[in-house]
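Undergrad: Sequence:
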Amino acid sequence: MKTFLGICNLLIPIVMIVVGVISSREIPENINTFIGYRTKRSMKNIDTWKFANKYCGELWKKLGIEIFAISIICNVPGFIFEIEVYSIISLVLIVIQIAVIIFSIYLVERELKNKFDENGCCREKKK
144 MKTFLGICNL LIPIVMIVVG VISSREIPEN INTFIGYRTK RSMKNIDTWK
194 FANKYCGELW KKLGIEIFAI SIICNVPGFI FEIEVYSIIS LVLIVIQIAV
244 IIFSIYLVER ELKNKFDENG CCREKKK
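The numbering of the sequence shown is my numbering, which starts it at 144 and goes up by one.
What the hints contain is simulated information worked out from the structure, not anything from laboratory work. Cβ coordinates follow ideal geometry from the N, Cα and C atoms, glycine included. Just to be clear, a hint being listed does not mean it is correct.
Using C-beta positions, here's what the derived DEER-type ranges look like [said to hold, decoys possible]:
id : residue 1 : residue 2 : range
1  : 260       : 235       : 36 to 46 angstroms
2  : 222       : 265       : 50 to 60 angstroms
3  : 147       : 174       : 34 to 44 angstroms
4  : 224       : 189       : 44 to 54 angstroms
5  : 188       : 224       : 46 to 56 angstroms
6  : 216       : 183       : 36 to 46 angstroms
Below, in silico cross-link-like pairs of lysine-lysine (DSSO-like), each with a Cα-Cα straight-line distance of 30 angstroms or less [stated by the list, open to error]:
id : residue 1 : residue 2
7  : 183       : 204
8  : 205       : 193
9  : 204       : 187
10 : 183       : 205
11 : 197       : 183
12 : 187       : 258
13 : 197       : 258
14 : 204       : 193
15 : 204       : 256
16 : 193       : 256
17 : 193       : 258
18 : 183       : 258
19 : 258       : 205
Start from the sequences, fold in the hints, and give me the full structure.
TA: Set out below in structure tokens:
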């Protein structure tokens, strides 16, 4: 059971890293509703689409690696404490991992809002 929990604790970070690597390298050429970072703002046009997918991919790689390291550290108590304590640690860890995913959506949307206007046109940097 402890091994199963340990594997479950690592699933979200591993998926984030893999999806991050793929998303930052293999951006879908066409805006679609199946693959990629899909929000109203990211699907405005091809520029917002490419930016959002690349930014999200890079962000997920970074966050995934950080969460993976934290998850490894949190798995150590699994071999020390009873299963009941380790189950609680695992639950808290997975809730934090999901919160990081939700927070990453906020970060991507904020960057989209800063880089593009409401119509999806790139904001020019003021000199």
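Undergrad: All the hints need checking, so say for each whether the structure fits it.
TA: How the hints compare with the structure:
1. 260 x 235: 36 to 46 angstroms: The hinted range 36 to 46 angstroms holds for residue 260 and residue 235, with Cβ atoms some 40 angstroms apart.
2. 222 x 265: 50 to 60 angstroms: holds (51 angstroms)
3. 147 x 174: 34 to 44 angstroms: Holds, since residue 147 and residue 174 (Cβ atoms, about 39 angstroms apart) stay within the stated range.
4. 224 x 189: 44 to 54 angstroms: Holds, since residue 224 and residue 189 (Cβ atoms, about 51 angstroms apart) stay within the stated range.
5. 188 x 224: 46 to 56 angstroms: holds (52 angstroms)
6. 216 x 183: 36 to 46 angstroms: holds (37 angstroms)
7. 183 x 204: holds (23 angstroms)
8. 205 x 193: OK: residue 205 and residue 193 at ~18 angstroms, within 30 angstroms.
9. 204 x 187: holds (24 angstroms)
10. 183 x 205: holds (24 angstroms)
11. 197 x 183: holds (16 angstroms)
12. 187 x 258: holds (13 angstroms)
13. 197 x 258: Roughly 14 angstroms between the alpha carbons, so the hint for residue 197 and residue 258 holds.
14. 204 x 193: Holds, because 17 angstroms separates the two Cα atoms, which is no more than 30 angstroms.
15. 204 x 256: Given pair residue 204, residue 256 holds - Cα atoms ~22 angstroms apart, limit 30 angstroms.
16. 193 x 256: Within the cut-off at roughly 14 angstroms; holds.
17. 193 x 258: Cα-Cα ~12 angstroms, so holds.
18. 183 x 258: holds (15 angstroms)
19. 258 x 205: Given pair residue 258, residue 205 holds - Cα atoms ~21 angstroms apart, limit 30 angstroms.
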